[in-house]
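So the sequence lines, in the order shown, correspond to chains A and B. If you're matching positions, the first sequence starts at 1 in our numbering and goes up one per residue. If you're matching positions, the second sequence starts at 1001 in our numbering and goes up one per residue.
Worth flagging that the hints you see were computed from the coordinates, not collected in a lab. This one's a predicted model, so the numbers in the text were calculated from it and none came from an experiment. From the three backbone atoms N, C-alpha and C, an ideal C-beta is built for every residue, glycine too. Heads up, a few of these hints could be off.
Distance ranges between label pairs, derived from CB positions [said to hold, decoys possible]:
#, chain 1, residue 1, chain 2, residue 2, range
1, B, Pro1023, A, Ala321, 54 to 64 Å
2, B, Pro1023, A, Lys93, 47 to 57 Å
3, B, Leu1144, A, Gly186, 50 to 60 Å
As a list, the in silico DSS-like pairs of lysine-lysine whose alpha-carbon atoms are at most 30 Å apart [said to hold, decoys possible]:
#, chain 1, residue 1, chain 2, residue 2
4, A, Lys120, A, Lys206
5, B, Lys1006, A, Lys176
6, B, Lys1006, A, Lys37
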Amino acid sequence: MAVIEVNHLIRDFKIGGGGGGSLRLLHRLLGRSKTLKRVVDDISFTIEEGDFVGYLGPNGAGKSTTIKMLSGVLVPTAGIVRVLGLEPFRHRKANAGSIGVVFGQRTQLWWDLPLRDSFKLLGAVYRVEPERLQRNIALFTELLDMGGFLDTPVRQLSLGQRMRGDIAASLLHDPKILFLDEPTIGLDIVAKENIQQFLKQINREKKVTVILTTHNLDDIERLCKRVIFIDKGRVLFDGSAEGMTERFGGQRYLVLDTEHFDERTWDGPPIARREDNQLWFSIHDDKEIASMVAAASERVAVHNLTVKEPRIEDIIKQLYALGEA
Amino acid sequence: MFAHMKIYLRLQAANLRARAMYPLNFTLILVSVAFFGMTNIILTWVLTQKVPIIAGWNLYQIVFVMSLWRFSHGFFITFSQQIWNLEYLVREGVMDRFLVRPLNPMFQFFAMRIQIYGFGDLLAGIGGLVYAAPHIGHWNVQKLLLLVVVVLSGAVIEWALMTLLGVSAFWTLQSGGLMGLLDTLLDQFSRFPLSVYGRPVQIVLSFVLPISFMAFYPSYIFMDGMEGPPFSSVLVYASPAVAAGLAWLAYYVWRKGLNAYQGAGS
């Protein structure tokens, strides 16, 4: 069942423009000289129940704007968004009850109060029955290892602790869909792994559909069954994480550290890339490796030999570059 | 409605617990706000020692009007001073948070915190009222009930006017200046009855920025032996109507502002 449908979604923002200095202030006062910037430009996708989707793209690609339209904060300029069959901004309250949202860089916890108090207040806001709330608090406290700081005021928590608190807080009302906007930003490896483990678990066991934006590549590798990559408001790639690897970086390379390499006289296997004395050869079939090494060592001195597996990082870089072009 | 009340009380209990984390701040500001309110009364007292009757008003009457305003103002500060933070909350994206929760955003916004410093104004207001009330006219249960209505209307009027200005933050991200302007006006023109000012000021403060309905006009209800107010004696009873009208307008404009913030139809 599709829980999210996005169809030809467009969102424009007014950007204050005009000249510099005091003239600009005048323009702003008069509300003139505003230009339209298309932040989301004809995006379409469908997300099925239980999916775990990485929504990726460089800064300013339109990720957060899309999330805000899915959560009912922003109204689309054009196109259709449906979450669980409803248009979020028209049925804002109904939608709010069935989604959880974590804006990674902004907490929704009460700064001066213990974490536990925030959970209880949110329970009241979302009208969660007391027993269910207790059960969820207990469960998340165990899974996210929050027992040690449940009664500490939020302002005294470390970033990793606070983030765990925020993620738990967004799930107290058992939402069907969880939106996470950069939940692992700035976290140490322990906190990150704890959170990744937790997200995996609630996705699997509670069947929560998760949509996550991130710049953390291991989030993608460990969590995302599917990746939607956008840039400049457009979808560049939509498919499985493996599919992305195959399509954009499926290439494995034989990398040789050499000496006395001369481009002009080279008549060995075709070189895919060269970094100083390091030569990269594309591997199409493992059987080629031996003959390539042999051919190369006949011509130059080979000091070292490695086979580079495709890395998601390189793929992302490649995709970023694609967006630039 | 009942559910909202319950949530509101729980949120405010939490707020108080949070405030109590900074007890020194709390006490000092409370005392200084109450003291500030009192100084206005003392100033009036000093003035009336030299000039016993100002534009037909004596010390007790002036203190009564001034304190009536301050009492309403105290409720405004306590329950809706939050409006001052709107521009900041819009800029910081805190409004987004309210929009992803299943509650009315305006309710969430104002419930986010009560401003206990308003207690200082309430304290100064009630002090002045108690001091002046016995000297200005006869009191009975009816008048006391009317006083409650007047105080609440006054608070609603200030809330509505401030909200109308504050909401501009949804479009411009800046509303502090406008609100500061109104705040200065309120502070200046709540010190003396409207009668002491010239016609243009009276017109503006009655029909453009109707802050005179917070205390000046309704104060005639409680004062014996006064001549009628400027314009019409009907205005004496108009406060609740003015409050209702402005409240409706404020909510309407808030909705418009929130729509603009979300980008509906723009």
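To see whether the hints hold, each was checked on the structure:
no., hint, verdict
1, Pro1023(B) x Ala321(A): 54 to 64 Å, "holds (57 Å)"
2, Pro1023(B) x Lys93(A): 47 to 57 Å, "violated (38 Å)"
3, Leu1144(B) x Gly186(A): 50 to 60 Å, "holds (58 Å)"
4, Lys120(A) x Lys206(A), "holds (21 Å)"
5, Lys1006(B) x Lys176(A), "holds (26 Å)"
6, Lys1006(B) x Lys37(A), "violated (43 Å)"
Of the numbered hints listed earlier, those contradicted by the structure are 2, 6.
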